[in-house]
Amino acid sequence: MGEGTGGFVMSINEFFNMSGYASYVWGSFGLAFVMLVWQIVQPLMEKKAIIESILKNQLRRRQRQ
Amino acid sequence: MNDSLYLAFWSLLRRDLLITYRNRAQAINPLLFFVLVVILFPFGVGPDVVLLKTMAPGIIWVAALLAALLSLDSIFRSDFDDGFLEQLVLSPHALSVLVLAKVIAHWLVSGFPLVLVAPLLAVFLGMPADAIAVLVLTLLLGTPVLSLIGAIGVALTVGLRQGGIILALLVFPLYIPVLIFASNAVQMAMAGFAVSAQLSMLAALLLLALALAPLPAAAALRMSLS
Amino acid sequence: MSDIVSLETRNLECIRDDRVLFSQLNFSVKPHQALILEGDNGCGKTSLLRILCGIRLPDQGQVMWNGLSIQESISEYYQDMVYVGHLDGVKGDLSVAENLRMCTALGSRSGMSIEDALNKVSLSGYEDVRAQVLSAGQRRRVALASLLLKRCSLWILDEPFTALDRTSRGVFENIMSRHLNQGGMIILTSHHSINLTDSSVYVINLSA
Amino acid sequence: MNIVMKWIHLLGSPPYFYRFSGKLLPWLTVICVGLLVWGLYGGLVQAPADYQQSDAFRIIYVHVPAAWMSLFIYVSMAIAGAIGIIWHVKMAEIVCITSAPIGAMFTFLALVTGSLWGKPMWGTWWVWDARLTSELILLFLYFGVIALYRAIEDKRMAARAVAILALVGLVNIPIIHYSVEWWNTLHQGPTVTKFDKPSMATSMLIPLLVMAIAFKVYYFIALLLRMRTELLQRERNSKWVKELVGLS
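If you read the sequences in order, they're chains V, E, W and Y.
Under the numbering used here, read the first sequence as residues 64 to 128, first letter to last.
Under the numbering used here, read the second sequence as residues 520 to 745, first letter to last.
Under the numbering used here, read the third sequence as residues 27 to 234, first letter to last.
Under the numbering used here, read the fourth sequence as residues 12 to 259, first letter to last.
Source of the hints: derived by calculation from the structure; they are not laboratory data.
Accuracy of the hints is not assured; some may be wrong.
Stated by the list, open to error - List of simulated lysine-lysine pairs, DSS-like, C-alpha gap at most 25 Å:
| hint | chain 1 | residue 1 | chain 2 | residue 2 |
| --- | --- | --- | --- | --- |
| 1 | Y | K253 | V | K111 |
| 2 | Y | K253 | Y | K130 |
| 3 | V | K111 | Y | K101 |
| 4 | Y | K17 | Y | K250 |
| 5 | W | K176 | W | K56 |
| 6 | Y | K253 | V | K110 |
| 7 | Y | K101 | Y | K250 |
| 8 | V | K111 | Y | K17 |
| 9 | V | K110 | Y | K166 |
| 10 | Y | K253 | Y | K101 |
| 11 | Y | K227 | Y | K250 |
| 12 | Y | K17 | V | K119 |
| 13 | Y | K34 | Y | K253 |
| 14 | Y | K101 | Y | K17 |
| 15 | V | K110 | Y | K101 |
| 16 | Y | K250 | Y | K34 |
| 17 | V | K119 | Y | K250 |
| 18 | Y | K227 | Y | K101 |
| 19 | V | K110 | Y | K227 |
| 20 | Y | K101 | Y | K166 |
| 21 | V | K110 | Y | K34 |
| 22 | Y | K101 | Y | K34 |
| 23 | Y | K166 | V | K119 |
| 24 | Y | K250 | Y | K166 |
| 25 | Y | K253 | Y | K166 |
| 26 | Y | K250 | V | K111 |
| 27 | Y | K34 | V | K111 |
| 28 | V | K110 | Y | K250 |
| 29 | W | K176 | W | K146 |
Isolated chain V, as found in the complex (with noise of 0.2 Å):
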């Protein structure tokens, strides 16, 4: 692969083959975005049943007044 960024259009193709090893650098890199992306929708989905298991207690105890 060319010294330094070398023609951007050339290499593509060698960019994405990681001389011989883009299963293993692909692979970890793509397992590096799942489990970022995963720690951070987890927490979100977790608000939200939160609060919408709040807002039906709310509801609930309204309907009861």
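Put chains E, W and Y on the given structure of chain V with help from the hints.
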């Protein structure tokens, strides 16, 4: 003031030994478990003496670790159930000193017997005589550390319904340094090398555990009772 | 006993699984006084006692002993306080005397002999009996006997009369009255009616 | 100086913390994404291939920052736990608990990328290398913390238990690391441990540092998100939560 702390320490130690003596049938269990685990290995890896000899230190020490874990639960369990633990926490004396008394009583009952039985098992696995001496020394230095660190784990999980599984998860990572230095000391002794480095590390771990372990154990007990 | 001896709470609050058991709870107990906590089950009586003993941390507020928060002066407080909870702390494998000797070794001693203490709770001659053969009522009386063996001015008792028959209850009421006359303090929870002769008794109902 | 103290005190109150973190999060996300893009571009494109490991070495741009973060988060978890126990600071307790899953994730990530990096180099998925082994033990320390927290119902009690365990773990980490290093060099002889970073040209080093900072900012974001959720869960029947929920 501190003479009554001294009295409390000794009476608690004597009391625990008395209780264990009163139902000494159960006290044998960790010992039998230790022997059983070691005896299992030849059936697993085959009776080849050379292989068994090289693996002997690791087998015996891992079995000692498992036996220690099995017996840890008895340190606080019965006192937690019948309410004596509350009286312990509510005593004006330093709780960490009282916890130390209980841990020493536990070691005398479940850790020390392993040291007595280990030479017999070493012979089973074909270990040479001088290595057996080092094995006994490492067990003497190492098993108290297992009880001390184990006491922290047991204090954290005494209030839980099935604390046993979590206890192993909490305590095993902390046992690794002891396992490394102890089994390596015996391997080196078998190969005829000097083992003073490993033994001094074990002694250092023991002193560190003696000084530090009772404090978090006491804090964990206060937490478990609240 | 110095005159500022007292147990005091300052806007104490306790929350258990999202339910506020009590809050803004202020009271104080001085020598010669007894405080009875009433309320139906699960209203937080035991939790309050455990907070007063310092076993459990309150969610808000403080417990003060002789004007000092018990967290700061925990060892002085435990020197002068004894707690008997639902569990008696009596070990089945040990004899009655061994159990009592252990209890006194943990705290301050009142100098009374084990035989006298056992006589007072009408368990004389039970010194060498293995505790596991005792009935629940007898085990309770052994726990109450340990109170006599300790020199503590503050007694915190969680339903001391459970499993006690009528005569034992009467015996223990006298013991408590004498403790109050000698300048002691008692905080207890009970479902039974208690008559403590000529000492000032206060009642707090937690579920009111 | 007292402005800082007042602000720290203010942060202690859940409603203020909730609103403050709400405002902070967008900015942190922008910074984090920017740093990640810069780091990845630097690491994947600009950095020249390593003469020995060719392009496979680029895995270090995930493996090494993740390994650093796993230790960093454990230390900050233990310190937060200590503050929570000693001064009864509720927020510190929450920081301690919510950091555990994030730390465990980074440790697991470091382990997997370590083995993915090891496979092309030494042909096996797992190498009993000192660093990887310490990482594996750290993962079990995290599992211990998470399992203990889940096992105790009363969350205030669980927080104190976790803080004690984290502190005991913190004291043991250097001991474990030293004994594993000693154990490793003993059996393999004192060769350079396999996972020493290859000699780093600056163009290789900068992206690594940028990624490390990006991961720290990411940790801060994930922590704030988890803390907000935990706060809603704990204060679900307090007034400010009801108002907040009522509005949105």
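Structure-based check of all given hints:
1. K253/Y with K111/V: holds, 14 Å
2. K253/Y with K130/Y: Distance of about 53 Å is beyond 25 Å: violated.
3. K111/V with K101/Y: With Cα atoms ~23 Å apart, K111/V and K101/Y stay inside 25 Å; holds.
4. K17/Y with K250/Y: holds, 23 Å
5. K176/W with K56/W: holds, 19 Å
6. K253/Y with K110/V: holds, 14 Å
7. K101/Y with K250/Y: Satisfied, since the Cα-Cα distance of roughly 18 Å is no more than 25 Å.
8. K111/V with K17/Y: Distance ~31 Å between K111/V and K17/Y Cα, so the pair is violated.
9. K110/V with K166/Y: Judged against 25 Å, a Cα distance of about 18 Å means the pair holds.
10. K253/Y with K101/Y: It holds: about 20 Å lies between the C-alpha atoms, which stays within 25 Å.
11. K227/Y with K250/Y: violated, 34 Å
12. K17/Y with K119/V: violated, 37 Å
13. K34/Y with K253/Y: holds, 20 Å
14. K101/Y with K17/Y: holds, 16 Å
15. K110/V with K101/Y: Roughly 19 Å between the alpha carbons, so the hint for K110/V and K101/Y holds.
16. K250/Y with K34/Y: Status holds; Cα separation ~21 Å.
17. K119/V with K250/Y: holds, 16 Å
18. K227/Y with K101/Y: holds, 23 Å
19. K110/V with K227/Y: holds, 23 Å
20. K101/Y with K166/Y: At roughly 11 Å apart (the allowed maximum being 25 Å), K166/Y and K101/Y satisfy the hint.
21. K110/V with K34/Y: Between K110/V and K34/Y the Cα gap is close to 17 Å, so the pair holds against 25 Å.
22. K101/Y with K34/Y: holds, 21 Å
23. K166/Y with K119/V: holds, 23 Å
24. K250/Y with K166/Y: holds, 20 Å
25. K253/Y with K166/Y: holds, 21 Å
26. K250/Y with K111/V: holds, 18 Å
27. K34/Y with K111/V: Given pair K34/Y, K111/V holds - Cα atoms ~18 Å apart, limit 25 Å.
28. K110/V with K250/Y: Cα-Cα ~17 Å, so holds.
29. K176/W with K146/W: holds, 14 Å
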